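Peer 1: Here's the letter readout for the chains.
Number of protein chains: 2
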Amino acid sequence: MKVVGQELPRVEVLEKVTGQSVFGADAAPGGRVLYGKMVLSPHAHARITAIRTERAERLPGVRAVVTAADVPPVRYGRFVGDEEYFASAKVRYAGDRIAAVAAVDEETAEEAARLIEVDYEVLPAVTSGPEAMEPDAPLIHEGYADYFAQAGVGDRHGNVCGHKRIVRGDVEQGFAQSDRIFEHRFHAPMVHQTYIEPHTALARFDASGKATVWVPTQAQFPLRAAIAQILRMPMTRVRVIPTEIGGGFGGKIHPTIEPAAVALARKARRPVRIVMSRSEDFQTTNPRHPFHLRYKTGVKLDGAIMAREIELVLGTGYSAGSGVMISQGAAVRAPGPYRIPHLKIDSYCVYTNTPTCGAYRGPAGPQLTFASESQIDIMAHELGIDPLDMRLRNAMENGDETPAGARLEDVHARETLLKAAEVMSAAPKAPGDHTGRGMAVAHWLVGGMASSAGVKLNEDGTIAILTGVVDLSGASTSLAQIAAEVLGVSLEDVHVRTADTDFAPHSTISAGSQALKSMGSAVLLAAREVKRQIQQVAADALEADPGDLDLDDGKVFVKGSPERTVSFRKVGHLALEHERGPIVSTQSVSRLTPHPAMAAHAAEVAVDPDTGHVRILRYVAVQDVGTAVNPLSVRGQVEGGVMQGLGQALSEACTFTDGKMNNPNLLDYKIFSALDAPTVEVHLIQHPCASGPLGAKGVGEPPIIPPPAVMANAVFDAVGVRIHDLPLTPERIVKALKDKRAQRP
Amino acid sequence: MKVVGQELPRVEVLEKVTGQSVFGADAAPGGRVLYGKMVLSPHAHARITAIRTERAERLPGVRAVVTAADVPPVRYGRFVGDEEYFASAKVRYAGDRIAAVAAVDEETAEEAARLIEVDYEVLPAVTSGPEAMEPDAPLIHEGYADYFAQAGVGDRHGNVCGHKRIVRGDVEQGFAQSDRIFEHRFHAPMVHQTYIEPHTALARFDASGKATVWVPTQAQFPLRAAIAQILRMPMTRVRVIPTEIGGGFGGKIHPTIEPAAVALARKARRPVRIVMSRSEDFQTTNPRHPFHLRYKTGVKLDGAIMAREIELVLGTGYSAGSGVMISQGAAVRAPGPYRIPHLKIDSYCVYTNTPTCGAYRGPAGPQLTFASESQIDIMAHELGIDPLDMRLRNAMENGDETPAGARLEDVHARETLLKAAEVMSAAPKAPGDHTGRGMAVAHWLVGGMASSAGVKLNEDGTIAILTGVVDLSGASTSLAQIAAEVLGVSLEDVHVRTADTDFAPHSTISAGSQALKSMGSAVLLAAREVKRQIQQVAADALEADPGDLDLDDGKVFVKGSPERTVSFRKVGHLALEHERGPIVSTQSVSRLTPHPAMAAHAAEVAVDPDTGHVRILRYVAVQDVGTAVNPLSVRGQVEGGVMQGLGQALSEACTFTDGKMNNPNLLDYKIFSALDAPTVEVHLIQHPCASGPLGAKGVGEPPIIPPPAVMANAVFDAVGVRIHDLPLTPERIVKALKDKRAQRP
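As you go down the protein sequences, you meet chains A and B in turn.
Residues in the first sequence are numbered from 1 upward in steps of one, following the working numbering.
Residues in the second sequence are numbered from 1 upward in steps of one, following the working numbering.
Bear in mind the hints are in silico, worked out from the structure with no lab data behind them.
Nothing here was measured: the structure is a model prediction, and the numbers come from that model.
Even glycine gets a Cβ: it sits at the ideal position worked out from N, Cα and C.
It cannot be assumed that every hint is accurate.
[What the hints assert, rightly or not] In silico lysine-lysine, DSBU-like type, Cα no more than 35 Å apart, as pairs:
#, chain 1, residue 1, chain 2, residue 2
1, B, 210, A, 555
2, A, 555, B, 267
3, B, 210, A, 570
4, B, 570, A, 267
5, A, 267, B, 267
6, B, 210, A, 16
7, B, 16, A, 2
8, A, 210, B, 555
9, A, 429, B, 570
10, A, 16, B, 267
11, A, 210, B, 16
12, A, 267, B, 16
13, A, 210, B, 267
[Stated by the list, open to error] Stretches of chain B that chain A covers, calculated by requiring three or more beta carbons in the stretch to come under 8 Å of a beta carbon on chain A:
#, segment
14, 16-28
15, 220-228
16, 576-589
[What the hints assert, rightly or not] Pulled from the structure, derived: some chain A residues nowhere near chain B, Cβ distances all over 10 Å:
#, residue
17, 106
18, 150
19, 382
20, 591
Given the sequences, and given the hints that come with them, work out the whole structure.
Peer 2: Printed below as a string of structure tokens:
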């Protein structure tokens, strides 16, 4: 291949580095824009007894105030219809939407928000999943008991809104056949995507009743559907225009302020922009689910895993959101990339009085892998087996099935693991008493949502790609490479445009590592159809058979007679002026079979036993990527994923007191920064994947998954303490060391 | 049909009547925009000996000055490469582009334009076609003699850049067989489209080297091609965004200020907007070609036309532009909608020192018909035959050929003529000595350019149409009606979006009455393919054969079992979640066979013999439209065309003295206004046309064509004078009456 596989700078890089890209808050629709501000609940759980907006409405400069009375009484939600856009009778978390205001300036909007008076009757709140399943826990959603009963969930508590059980083999028989049985509990807290750009939305409502919303979103089509559903508008009257996006990581999929912006714009008859503060963003968007995990594993003395019984409790927040789907997916991936004959997995999705969690890069992955791979490490240590050997002993292979029964191909667990071990062991371990090494492996199942894409030949022979998928992490460049490869042109001759919901053919969302698989497959089909049309026109011009023609360097030539050529420019003109009409194709792909993508990471750390500080001396990330369409971009993905994963491993957690988030800011919520970042030694395992476009696998999710487990295992190797609760803060490590010393005889 | 044929308000009407539509000068790209101003030649013909920009560049607030030195030395043009964007060595008309400036405010830009010093060596100029063909006429373009010689033109003079000769039969034999031979000369002056909105362009040039241009254009794809050609940029780096358009009438097809705006934005590194003044617009855009016409016609005493020898000289202006094409098309239509055995037609396209003329609604039509139909009237009068009978005697029929040999179908000349006569004669002629009636008939050949369009099913069952054709006169509504008809939904469920050159599949221009034919045919194909995909998905859901399914009211049902239905909404979800992928189709059509569209008009006038004022008492317009997709819109088109045609008949003309336009303003250039407007009695002849989508014919051009001839014939009937020069001003009528009285014995 000539273009695919090249390390190429991103096609949109110049606009970004010169500051010309239009991000959410930069969008300018023309005309004066009002400032919108949300009014949020200060209570985690309370009945609303009155909302008085009069004082706000009377404030000079206020142009609109909207509450539940201004939107249809719609209950919505991806899996359970349990959300109302503005709270009417009850608030269910500290951040629940009460109202929104629009005013001529920011100060007036803030003042108006303060002037909205709400009377509450405060109720007891619960913020952890297991607590919410206790018999005496307050019921967060009344009236859903029958619904959940019918759905076969909720027998444990009315707060349980999802339950997935998977049984393979007979776990009791597996335990009976085991030499040793290990059982551990783990906890991973809520963590936030902490993208650079907080949520923003700019809405215009025009005379024909059409809403246009500029928004940094990963999921313009689902967002359009949600706005249409919440405001009961036909989709022809909702246009979502995706701006450039300052990071999403799964946090910009679900609707947040967009319907409020539309409702305000409709009422004020002026465009309205809402820009979340960092604090609002932390408290009201869709972070990663906190997980409580119990792993019970039976093994033979040679390390063979016979059975695993797993219980997962994820706190979904005040509504089911995507928690039901994520808890189901978690059940499927919970045992790790291993071949285990007997499995019993229960995954519970539980309401809590917190923000509704969503899809953070590799949903459920870091939590599951932290538990599973910590336990593998514990068991290997107890059995006196090298942890690598234990992993290799049980690693899944081609043709193995997921717990859900899906047969997997393109499995490269062993090779990925071996490469990580090889790279790490190529240098001797750093000297010192408190240094250690750890590793972990994880798999992500890369599906593919339905998508369509257009490709057209411009009259000058250049190529244009029309897509509705937002470029989060280099997708546009890779799509251009795929089309360039098929059509035999250089990357400069291909132009990718992300269109909005009005203009784009329906496209997948930019999430789950499947954007390139889904959209790349659609672009591949469309490019091949455009190639066919080009060959057809060229065949007439060259008086040759279309099958005898090949494409290269912007020209069509007769195989074997390279002097008989016609340029794409000429083909473009012929198509317009003569028989065919414009050369253009739009092609669709349906949902695609998932393929597994492996990540094996290894790290070497030095732990300061006095302060508990973990210093990362080396970090190796090996990833199974199929064909790396743009290796430069893939490496960047891996490095970024590792950094986010290390933040979750070592420092990040949203914590709550009395249902209120304690640390909704970047001072108290500590993300991994450039100062903390190790050099990541990235190695790619490349075997073209049958179900990816030109062999590509998804690459975005896997690298964020292993770091917490890697760090837990490395810390154990360095100082002999096992931490079961994320993050591995200095305080926790110091306390564990102190406890360990106290236990010594 | 349920939706096609309904009188429906335009889909975009609410935005327009509330002032929310974004027209050219309203476009706002975000950020501060510079004011651009053109520097134009004051001389009609001169050598440039020096251009000094230093004083302008030094003026505070000036951000860029561009001249020929700032653009590539490209010679361009649709048919002859005779244009340079900025004049370098010579100016060829008063208005030729010398330079452009961009400054922080309008006053500074105007001052900077004044500070640009140009030294000229003035040359003799010529502004009429016949004069430019005189042996001693100054040569406007040096260096093209060989080129024209090779092209088989220019043997008459180096200013002749196009010559089309058509010979059918033997015109001398035809004259020999004739009883009478008539020869007359006519003249139609240059007239201007006088759209409400002058030309504007806003250009941005971004870091990646991409130019984005917001412009009210009828022809975004050709404009993109022209900008790319003039500035030597690939089409992937030029994006033309068509704004709403305040009238075009053919005058917004060719590039004018857009390349200057891009060159300024590139140099200034800031967006630049140029808004033409009305005076600049009159002097530098693309008005209707002035024609000198000679008709020599041989007839039998019974009115049968045996032969016509026609010579047309059209003054194209300082460059060939589209004049070559228009002069060729004029040759084909010059004999009128008649069956004439012997023809010889010479059509010359000649350089003049005036603006380059372009495509004004029904190019060449009013001029040709004025000449041809005036002569028919003269001959009928001389032969003592009713002019209607003479027209019916010779009217073309199905299967007749054009002079160029193309066989015509769907010919309704007789019915159209008879209907006009019937309507006019239904009321007695107004009393008075100076009242009279006249009629004329004309045909327009509606072709169809290559186009493509997309149709998609939204997830909620609504339909979206993606087109790149600008809605000049209701096209979007008609396209929506076509899709609604095919898919069995209401107009409200269909949304039409005109996308820009990046997003739209290649689409035809909005001109020549072919936009609906071309784009409607593409929408029809795409809607039918979407219907097929809907049927396929529904067939699975309903467990039926796709062929047994029909679509109505947003549902698919089994024929004969109307209770077995599935909604489009359900189909949309099934397609996304299961097998098919998004339901979407983009389809192309190639150039389409022309069909003739007839217009027969009749009028009754009262002429004041003292003032020469023509009062229109009745006006009847009958038009052959195939299927009227939206009769309300069609009537509007006919009424508007008649008004513009009456302006050309009675008052409009661009006049020049020493090569400078005398009347580049709406005070001295008199258009037909609401105060002048008669009620138009519109009647539509509807027979579905085989080559139009759902039977529709083009409707935009025909109604502007007959009015000058109708007025000339009615004035003759009223006061007995024959005017051979347009317009029929009061001065000319008074002079003709005076001359007639002087001739009386």
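Peer 1: Each of the hints needs a verdict: does it hold here or not?
Peer 2: Right, here's what the structure says about each hint:
1. B:210 to A:555: 24 Å, holds
2. A:555 to B:267: 34 Å, holds
3. B:210 to A:570: 23 Å, holds
4. B:570 to A:267: 32 Å, holds
5. A:267 to B:267: With a Cα-Cα distance of about 43 Å, the restraint between residue 267 of chain A and residue 267 of chain B is violated, given a limit of 35 Å.
6. B:210 to A:16: Holds, at roughly 14 Å.
7. B:16 to A:2: 50 Å, violated
8. A:210 to B:555: 24 Å, holds
9. A:429 to B:570: 60 Å, violated
10. A:16 to B:267: 20 Å, holds
11. A:210 to B:16: 14 Å, holds
12. A:267 to B:16: This hinted pair holds, its Cα atoms lying about 20 Å apart.
13. A:210 to B:267: Measuring from Cα to Cα gives roughly 38 Å; hence the hint is violated.
14. 16-28: As far as the segment 16-28 of chain B goes, the hint holds, because 7 residues have Cβ atoms under 8 Å from chain A.
15. 220-228: holds (count 3)
16. 576-589: Since three or more residues must qualify, the claim that chain A covers the segment 576-589 of chain B holds, with 13 doing so at under 8 Å.
17. 106: Given that every Cβ of chain B is farther than 10 Å from that of residue 106 of chain A, nearest at about 19 Å, it holds.
18. 150: The claim stands: residue 150 of chain A keeps its Cβ more than 10 Å from every Cβ of chain B (closest is about 21 Å).
19. 382: 46 Å, holds
20. 591: Violated: least Cβ distance 7 Å, not greater than 10 Å.
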